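K.L.:
Read off the chains here:
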Amino acid sequence: MAPDRSEDVVIDIHGLTKRFGDKTVVDDVSLDVRRGEIVGFLGPNGSGKTTTIRMICGLLRPDAGSGTCLGLDIRKDANRIKRLVGYMTQRFSYYEDLTIRENLDFVARIYALPDRAAVVKRTLERLGLYGRRDQLAGSLSGGWKQRLALAASVMHQPRLLLLDEPTAGVDPQARREFWDEIHTLAEDGLTVLVSTHYMDEAERCHRIIYIAYGKIVAGGTVEEVIESSGLSTIIVSGRDVGTIAKIVRDRPGVEQVAPFGNDLHVVGPDPAALRAAVDAALAETGSDAVASAGQTNLEDVFIRLMQTAQAGDLPANGRPTATERSP
Amino acid sequence: MSGGFSLSRVLALMVKEFIQMRRDRLTFAMIIGIPIIQLVLFGYAINLDPKRLPTLIVAGDGGPASRAIVAAMEASGYFSVAPGLATEAEANEALIDGSASYVITLPPGFERDLVRGSRPQLLVEADATDPAATSNALGALPQILSSALKRELTGPLAAEASVPSAVDLVIQRRYNPEGITAYNIVPGLLGTILTMTTILMTALALTREIERGTMENLMATPATPFEIMIGKIVPYIGFGLVQVSVILVCAQILFHVPMMGSFVVLLAVTFLFIGCNVTLGYTFSTIARNQMQAMQMTFFWFLPSILLSGFMFPFRGMPEWAQLIGSALPITHYIRSVRGIMLKGSGPADLTGEMWPLAAFWLAAGAIALFRYRRTLD
Chain A
58 MAPDRSEDVV
68 IDIHGLTKRF
78 GDKTVVDDVS
88 LDVRRGEIVG
98 FLGPNGSGKT
108 TTIRMICGLL
118 RPDAGSGTCL
128 GLDIRKDANR
138 IKRLVGYMTQ
148 RFSYYEDLTI
158 RENLDFVARI
168 YALPDRAAVV
178 KRTLERLGLY
188 GRRDQLAGSL
198 SGGWKQRLAL
208 AASVMHQPRL
218 LLLDEPTAGV
228 DPQARREFWD
238 EIHTLAEDGL
248 TVLVSTHYMD
258 EAERCHRIIY
268 IAYGKIVAGG
278 TVEEVIESSG
288 LSTIIVSGRD
298 VGTIAKIVRD
308 RPGVEQVAPF
318 GNDLHVVGPD
328 PAALRAAVDA
338 ALAETGSDAV
348 ASAGQTNLED
358 VFIRLMQTAQ
368 AGDLPANGRP
378 TATERSP
Chain B
1256 MSGGFSLSRV
1266 LALMVKEFIQ
1276 MRRDRLTFAM
1286 IIGIPIIQLV
1296 LFGYAINLDP
1306 KRLPTLIVAG
1316 DGGPASRAIV
1326 AAMEASGYFS
1336 VAPGLATEAE
1346 ANEALIDGSA
1356 SYVITLPPGF
1366 ERDLVRGSRP
1376 QLLVEADATD
1386 PAATSNALGA
1396 LPQILSSALK
1406 RELTGPLAAE
1416 ASVPSAVDLV
1426 IQRRYNPEGI
1436 TAYNIVPGLL
1446 GTILTMTTIL
1456 MTALALTREI
1466 ERGTMENLMA
1476 TPATPFEIMI
1486 GKIVPYIGFG
1496 LVQVSVILVC
1506 AQILFHVPMM
1516 GSFVVLLAVT
1526 FLFIGCNVTL
1536 GYTFSTIARN
1546 QMQAMQMTFF
1556 WFLPSILLSG
1566 FMFPFRGMPE
1576 WAQLIGSALP
1586 ITHYIRSVRG
1596 IMLKGSGPAD
1606 LTGEMWPLAA
1616 FWLAAGAIAL
1626 FRYRRTLD
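Protein chains in written order, with this note's numbering: chain A, 58 to 384; chain B, 1256 to 1633.
Among the hints, a few may not be true.
[To be verified] Only part of the chain A face toward chain B is listed, based on derived beta-carbon distances under 8 Å: (1) R111; (2) C114; (3) L117; (4) R140; (5) T146; (6) F149; (7) S150; (8) Y151; (9) Y152; (10) I167; (11) Y168; (12) W236; (13) D237.
[Unchecked claim] Far from chain A, some chain B residues (derived; all Cβ distances over 10 Å): (14) L1268; (15) T1282; (16) F1297; (17) A1314; (18) R1467; (19) A1475; (20) T1479; (21) I1485; (22) P1490; (23) Q1498; (24) F1570; (25) R1571; (26) Y1628.
[Claimed, not checked] Some but not every residue of chain B turned toward chain A, in silico, with C-beta under 8 Å: (27) N1302; (28) E1433; (29) T1436; (30) G1468; (31) E1471; (32) N1472; (33) M1474; (34) T1631.
Calculated from the structure, these hints are not laboratory results.
What you are looking at is a predicted structure, and each value in this text was computed from that prediction instead of being measured.
A virtual CB, placed ideally from N, CA and C, is assigned to each residue, including glycine.
Could you build the full structure based on these sequences and the hints that come with them?
P.N.:
Following this line, the structure appears as structure tokens:
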């Protein structure tokens, strides 16, 4: 199995660290991504997602740590890695004063793709851009821009696709189509590392990694991450949930209280304490709302991870970063 | 209250502008620095009455009168006479490659004829490609000669000591006999227009990519810094050559500027010059952080290019240090080359002294650009 394993490992990095000035943005990050996997990279703004992705594709030099990407050393072989990796930047980074076709043509030439005209035409058709091929990229809506960016970043048939918040500002249908496309590509053996803020997108990944303040704080399948958080949830439904929320918030055993429409999600680490807190709150208000056991969702887990990371790591790291650094 | 004039709204904008201005250090430095530097630099450098212009003497025979004339020319401050005598061929060569501005020819028997009072010829050939640079010295010449002869011709000849009677002063304004300013301005304009446009075009090359966010993408592709540089400057070399053609056609049609030399040589020098400019512009764009800064740097380069290159003010009128700065500018060598080719018919051999500095500049700018180019976002 040993040779197969090395063949299957697409990203293998250890102890990756990056500092900007005296601020450690990525701190001792290790990643292990297999061929064909879709790995979701989650974390609050400024947690180091973009920086990690940029180090993997050679746009930033790590201050410490080592690793390989597609079997190539991320420190020494950045240029060879670039040929094999598709990278879709957070901000639209194709030429707005070029048409869709001209943009793709440019990319095809940069990667010296053989039979360029045919490749461009195929890409246009496959991603449904053919009808708009002569439209300026700058005049496209967010969804179409994102589609163009995806087309351009997979045209040279990369073996690893790095997507940095690809669906920010894109409507639900376009997001759905985008993810269908990502899954199709993964079935063909493409490995995908995608950073996102959307929980529904995290749920479409094979595996997720949660990073907060530069450190990986959780990882695994969605179920595993929820399971390992040890959180339970009680859903209170009925009238007066607003009043109940105010009371239950400060009870022992309650960590998060979040209204969802007419429901109230009450989350805490200890099921018994949680139940007691909710029952007490119901009794106090005399409400006829119904409390039932609910499913803890990813968002609850992430908010907890974020809060614990903030409480635990803040003194060591100094100020939290308010925004992602972008040049 | 939504209409009308609101002082608070105006103030909001003004405060914001000031904050932004202060954040942009380069702009701030330029607001303070440019006026001071340029004022001092050009205040001391520019001199509309050039002195100590290089002069060669071609003499059939030497004698006390010739020596007196040379001494008086030196003493006037206008002429810097090279030691020793030159042959006619050497003198001609020096006028073409620009190492001499004047050649004074004393024909054989000059001394004898002078003493006899038979009005020997005194031939002064001046490089009149830049009429402004040579006219003052030529204007002063009769006076200089008179005073020299006055001392030499004593006794019965003293009466003839004035120029018209003692010598037959023949002045030849070479290359531009009518002193037409356009002949001098057009090559200079060629240089300045190319400097302005081609540097600006490539100075925006990388900063535009950075500002529009396309740089990150470009850096993530396998394109190497050298490939990016070549790809970015070559189109603008073509752009510059089109401009040159337009200017040359206009120069011919509108100003009838002569073309004594070969178009191939002109094209070669122009190619070198545009190469220098686009590469310099590209270097600017590796240094500047945004398009605004790139434009400011271009402008900062443009001023000395006009003022110290010999385009607006005679090069030889400037003090040594200013000439040194001028010699480091590609445009100085380009303007000299174009004047040489168009007005004097200079060939490649005459222009080596101007072409190697251009080539060296080009290489140096390219090396700096590649060194400055950031391969990563660090």
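K.L.:
Any of the earlier hints contradicted here, and which numbers?
P.N.:
Numbers 12, 13, 18, 19, 20, 27, 28, 29 - these are the hints that the structure violates, sorted from lowest upward.
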